[in-house]
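So the chains spell out like this:
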Amino acid sequence: MTINDLAQACGWKLLAGEDGQENEVDGCYIGDLLSWVMGRAQSGNVWLTVMGNLNAIAVAALADVSGIVLCEDSALDPDAKKRAGMQGIPVYGCSPNLYQTAVSVYEQISGLAEQLADI
Amino acid sequence: MSMLHLEYQVPGDDFTRAGEASGDVKHKLKKLGYEPDAIRRVAIAMYEGEINLVIHGGGGEAVVDVDPDRVDIALIDQGPGIPDVEQAMQAGWSTAPDNVRALGFGAGMGLPNMKKYTDEMTIDSTVGVGTTVKMTVVPGRKG
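First to last, the protein sequences are chains A and B. Note that this note's numbering has the first sequence beginning at 1, numbered continuously upward. Note that this note's numbering has the second sequence beginning at 120, numbered continuously upward.
To be clear, the hints were calculated from the coordinates, so they are not data collected in a lab. Small disclaimer: the values here were computed from a predicted structure and weren't measured.
The list that follows gives simulated cross-link-like pairs (lysine-lysine, DSSO-like), each with its CA atoms no further than 27 Å apart:
{"#": "1", "chain 1": "B", "residue 1": "K149", "chain 2": "B", "residue 2": "K253"}
{"#": "2", "chain 1": "B", "residue 1": "K261", "chain 2": "B", "residue 2": "K234"}
{"#": "3", "chain 1": "A", "residue 1": "K81", "chain 2": "B", "residue 2": "K150"}
{"#": "4", "chain 1": "A", "residue 1": "K82", "chain 2": "B", "residue 2": "K149"}
{"#": "5", "chain 1": "B", "residue 1": "K147", "chain 2": "B", "residue 2": "K234"}
{"#": "6", "chain 1": "B", "residue 1": "K253", "chain 2": "B", "residue 2": "K234"}
{"#": "7", "chain 1": "B", "residue 1": "K147", "chain 2": "A", "residue 2": "K82"}
{"#": "8", "chain 1": "B", "residue 1": "K253", "chain 2": "B", "residue 2": "K150"}
{"#": "9", "chain 1": "B", "residue 1": "K150", "chain 2": "A", "residue 2": "K82"}
{"#": "10", "chain 1": "B", "residue 1": "K149", "chain 2": "A", "residue 2": "K81"}
{"#": "11", "chain 1": "A", "residue 1": "K81", "chain 2": "B", "residue 2": "K147"}
{"#": "12", "chain 1": "B", "residue 1": "K261", "chain 2": "B", "residue 2": "K235"}
{"#": "13", "chain 1": "B", "residue 1": "K261", "chain 2": "B", "residue 2": "K150"}
With the hints as extra help, turn the sequences into a complete structure.
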């Protein structure tokens, strides 16, 4: 599914990078240590974090993740917002914590939410 | 002579510009049609190297030579040098200050990531003189 579809289903708010909203998502990675994330997140993952700085945008671009979700209302720095816009890296914000957000992602990409809706 | 020779100046202590050189190399490799896995490995290894130049090297130079069958990256600084290269290569070992850790770096993963994502890597460092890290990525290997 696209990250835009996922964002709508999970109730995330787009903060920057609208050009990347059609990026496909097929998995999820969670982390705040940038080198750790860069070494382990897979291309096509949506990245859940609280790191909204410029370097997080660079890591997202270099690791080819589908986009960033800033959980627990963590802030997106103004310069990071600008860079995300320039590079077309979609960045979303939400209030739930990392675990709750990961559960929502799982429900959507596994098709569980759809199955539950049919019951 | 390589097919494409690129040189970048990486300023010290400026985290806002780290990633410009690796981003540019990634963009160029994409245009040249390199396989995505090799591009990703070059981009990650080079970004880690850039961050090291910013944090530890006081800035430096990144030199990239692109050929159809290999990408060679050299990161050169005139910083303080690495007293114990073997220790620096251990995952989790870091001398990064707290302000760097607050940005999400300094986990001691930089050099191990660079080794993990490249096919060859050498570190030549002299305390008080500087450090040169050379890396090679061969498309089709590792990954």
